[in-house]
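Novice: In case you want the letters, here they are:
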Amino acid sequence: GEDVEQSLFLSVREGDSSVINCTYTDSSSTYLYWYKQEPGAGLQLLTYIFSNMDMKQDQRLTVLLNKKDKHLSLRIADTQTGDSAIYFCAEISNTGGFKTIFGAGTRLFVKA
Amino acid sequence: KAGVTQTPRYLIKTRGQQVTLSCSPISGHRSVSWYQQTPGQGLQFLFEYFSETQRNKGNFPGRFSGRQFSNSRSEMNVSTLELGDSALYLCASSRSTQGTEAFFGQGTRLTVV
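Heads up: the sequence lines are chains A and B, in that order.
The numbering used here numbers the first residue of the first sequence as 1 and each following residue consecutively.
The numbering used here numbers the first residue of the second sequence as 1 and each following residue consecutively.
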C-alpha cells in the first residue's frame, strides 16, 4: 500500500540549515509536496516537485528527489524562528484513484 | 482572491450527536477533499468530491459522509459522534483532481465530550 514516512522532530539553531527527510513507497507518484502547518492553522503549500525532476530551488527552499530510492528532502537555508512549524511531506498517489498521502509531519524547532 | 473557508472554526458536541461541517473552496476550484487530523493518526484522507460526485474515499466508517453542491461548496457530516472523532477537520480545494496543487482551509476543530 501507499505510505509516507518522516522523522518526527528536528531541532536546529537559528541561521543554520534544516534538512527534513521523507520516504514514500508508491512509485506511481506524480507530484510530491511539502506543506507547512503553524499552530492553530491549516496547511500551507510550500513547494512541490514533479516526479521527473531531481531538484527544485525556491528562495531559501531546496527540494531534492531521489526517485530510485523514493527519498525526498526539504532543505531550509538560514533557518529562522518563524520557520518553527510542522512540515508535511505528501505524495499524489494514483493507485486505486488519485489521492494525497501525507506523512506524519516533522516538527521543526528553531532555537534562537 | 479569497482562500478556502471552513465553518465553523470550533465546535463542541456530545457523544451520539451528529455534526455538519462546511467548506467553501477557492472560486473556480471544483475539487474538494476532506482530511481528519489527530495527534495520534496524523492526517487521514476522508474523501474527495469533484463536480458533485465522490471520486475517492478513505478508510473511515459509514458514519462519515459528505456531499458537494453545484457551486462546489462541500459539507461533511458525522453521525453518532464518538469521543475518538475529536479532531481537526481540514478541507482542501484544487482546480481539478487531487493530482493538482491543493489549498487548505484553517480547519474546524471538533471536540466530542
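Read the hints as simulated data drawn from the structure, not as lab findings.
Yeah, the Cβ is synthetic: ideal placement off N, Cα and C, and Gly gets one too.
Fair warning: there could be bad hints in the mix.
Stated by the list, open to error - Covered by chain B, according to a simulated footprint, are these stretches of chain A (three or more residues, beta-carbon under 8 Å):
1) 9-19
2) 69-82
Claimed, not checked - In silico DMTMM-like links for lysine to aspartate or glutamate, alpha-carbon gap of 25 Å or less:
3) B:Lys57 <-> A:Asp3
4) A:Lys67 <-> A:Glu38
5) B:Lys13 <-> B:Glu101
6) A:Lys111 <-> A:Asp3
7) B:Lys57 <-> A:Asp58
8) A:Lys111 <-> A:Glu14
9) A:Lys70 <-> A:Glu5
10) A:Lys70 <-> B:Glu101
11) A:Lys68 <-> B:Glu101
12) A:Lys111 <-> A:Asp83
13) A:Lys36 <-> B:Glu101
14) A:Lys70 <-> A:Asp58
15) A:Lys67 <-> B:Glu101
16) B:Lys57 <-> B:Glu75
17) B:Lys57 <-> A:Glu5
18) A:Lys56 <-> A:Glu5
19) A:Lys68 <-> A:Asp83
20) A:Lys70 <-> A:Asp26
21) A:Lys36 <-> B:Glu52
22) A:Lys56 <-> B:Glu101
23) A:Lys67 <-> A:Asp54
24) A:Lys56 <-> A:Glu14
25) A:Lys36 <-> A:Asp3
26) A:Lys56 <-> A:Asp3
27) A:Lys111 <-> A:Asp69
28) A:Lys56 <-> A:Glu38
29) A:Lys36 <-> A:Asp26
Stated by the list, open to error - What follows is a set of in silico ranges between Cβ atoms, one per label pair, in the way DEER data are often shown:
30) A:Gln59 <-> B:Thr14: 46 to 52 Å
31) A:Gly15 <-> B:Gly3: 30 to 36 Å
32) A:Asp3 <-> B:Glu82: 34 to 40 Å
33) A:Ser51 <-> B:Lys57: 21 to 27 Å
34) A:Asn52 <-> B:Ser27: 27 to 33 Å
Novice: Indicate, hint by hint, whether the structure satisfies it.
Specialist: Status of the hints after comparison with the structure:
Only residues whose beta carbon comes within less than 8 Å of a beta carbon in chain B count, and the segment 9-19 of chain A has 0; fewer than three means the coverage is violated. Under a criterion of three residues with beta carbons nearer than 8 Å to beta carbons of chain B, the stated coverage of the segment 69-82 of chain A fails, only 0 such residues being counted. For the suggested pair Lys57 (chain B) and Asp3 (chain A), the alpha carbons sit about 16 Å apart, so the restraint of at most 25 Å is met. Only pairs whose Cα atoms come within 25 Å are accepted, and Lys67 (chain A) paired with Glu38 (chain A) is rejected, the gap being roughly 29 Å.
Distance hint between Lys13 (chain B) and Glu101 (chain B) is unfulfilled; the C-alpha atoms sit about 33 Å from each other, more than 25 Å. Our distance criterion of 25 Å between C-alpha atoms is broken by Lys111 (chain A) and Asp3 (chain A), whose separation comes to about 31 Å. Distance restraint check for Lys57 (chain B) and Asp58 (chain A): the Cα-Cα separation of roughly 33 Å exceeds the 25 Å cut-off, and the hinted pair is therefore not satisfied. Taken as a hint, the Lys111 (chain A) and Glu14 (chain A) pair is honoured in the structure, with Cα atoms around 6 Å apart against an allowance of 25 Å.
For the hint pairing Lys70 (chain A) with Glu5 (chain A), the CA-to-CA distance comes to about 11 Å; that is within 25 Å, so the pair holds. Between Lys70 (chain A) and Glu101 (chain B) the CA atoms are separated by roughly 20 Å; this keeps the pair inside 25 Å, and the hint holds. Between Lys68 (chain A) and Glu101 (chain B) the CA atoms are separated by roughly 24 Å; this keeps the pair inside 25 Å, and the hint holds. Taking the CA atoms of Lys111 (chain A) and Asp83 (chain A), the gap is about 10 Å. The hint holds against a cut of 25 Å.
The straight-line distance between the Cα atoms of Lys36 (chain A) and Glu101 (chain B) is roughly 14 Å, inside the 25 Å bound, and the hint therefore holds. At most 25 Å may separate the alpha-carbon atoms for a hinted pair to count; Lys70 (chain A) and Asp58 (chain A) meet this at roughly 21 Å. Straight-line distance between C-alpha atoms of Lys67 (chain A) and Glu101 (chain B) comes to about 20 Å, which keeps the hinted pair within the 25 Å bound. With a C-alpha separation of about 15 Å, the suggested pair Lys57 (chain B) and Glu75 (chain B) falls inside the 25 Å cut-off, and the hint holds.
Among the hinted pairs, Lys57 (chain B) with Glu5 (chain A) is consistent with the structure: their alpha-carbon atoms are about 21 Å apart, no more than 25 Å. Distance restraint check for Lys56 (chain A) and Glu5 (chain A): the Cα-Cα separation of roughly 21 Å lies within the 25 Å cut-off, and the hinted pair is therefore satisfied. With a C-alpha separation of about 30 Å, the suggested pair Lys68 (chain A) and Asp83 (chain A) falls outside the 25 Å cut-off, and the hint is violated. Taking the CA atoms of Lys70 (chain A) and Asp26 (chain A), the gap is near 8 Å; set against the 25 Å cutoff, the hint holds.
This hinted pair does not check out: Lys36 (chain A) and Glu52 (chain B) have alpha carbons roughly 29 Å apart, beyond 25 Å. Simply put, Lys56 (chain A) and Glu101 (chain B) have alpha-carbon atoms about 16 Å apart, close enough for the 25 Å limit, and the pair holds. The suggested pairing of Lys67 (chain A) with Asp54 (chain A) holds, with an alpha-carbon distance near 8 Å, which does not exceed 25 Å. Proposed proximity of Lys56 (chain A) and Glu14 (chain A) is supported: the alpha carbons are some 23 Å apart, at most 25 Å.
Taking the CA atoms of Lys36 (chain A) and Asp3 (chain A), the gap is about 19 Å. The hint holds against a cut of 25 Å. Distance check on the hinted pair: Lys56 (chain A) and Asp3 (chain A) sit about 23 Å apart at the alpha-carbon level, within 25 Å; holds. A hinted pair counts as satisfied when its Cα atoms are at most 25 Å apart, and Lys111 (chain A) with Asp69 (chain A) does not qualify at roughly 32 Å. The hinted pair formed by Lys56 (chain A) and Glu38 (chain A) meets the criterion: a straight-line CA distance of about 23 Å does not exceed 25 Å.
The hinted pair formed by Lys36 (chain A) and Asp26 (chain A) meets the criterion: a straight-line CA distance of about 22 Å does not exceed 25 Å. Distance hint check for Gln59 (chain A) and Thr14 (chain B): the Cβ-Cβ separation is about 47 Å, which falls inside the suggested range of 46 to 52 Å. The hinted window of 30 to 36 Å between Gly15 (chain A) and Gly3 (chain B) holds, with their beta carbons roughly 32 Å apart. Asp3 (chain A) and Glu82 (chain B) have their C-beta atoms about 26 Å apart, which leaves the hinted 34 to 40 Å range violated.
Between Ser51 (chain A) and Lys57 (chain B) the beta carbon distance is about 24 Å. The supplied range of 21 to 27 Å therefore holds. For Asn52 (chain A) paired with Ser27 (chain B), a C-beta distance near 31 Å keeps the hint of 27 to 33 Å intact.
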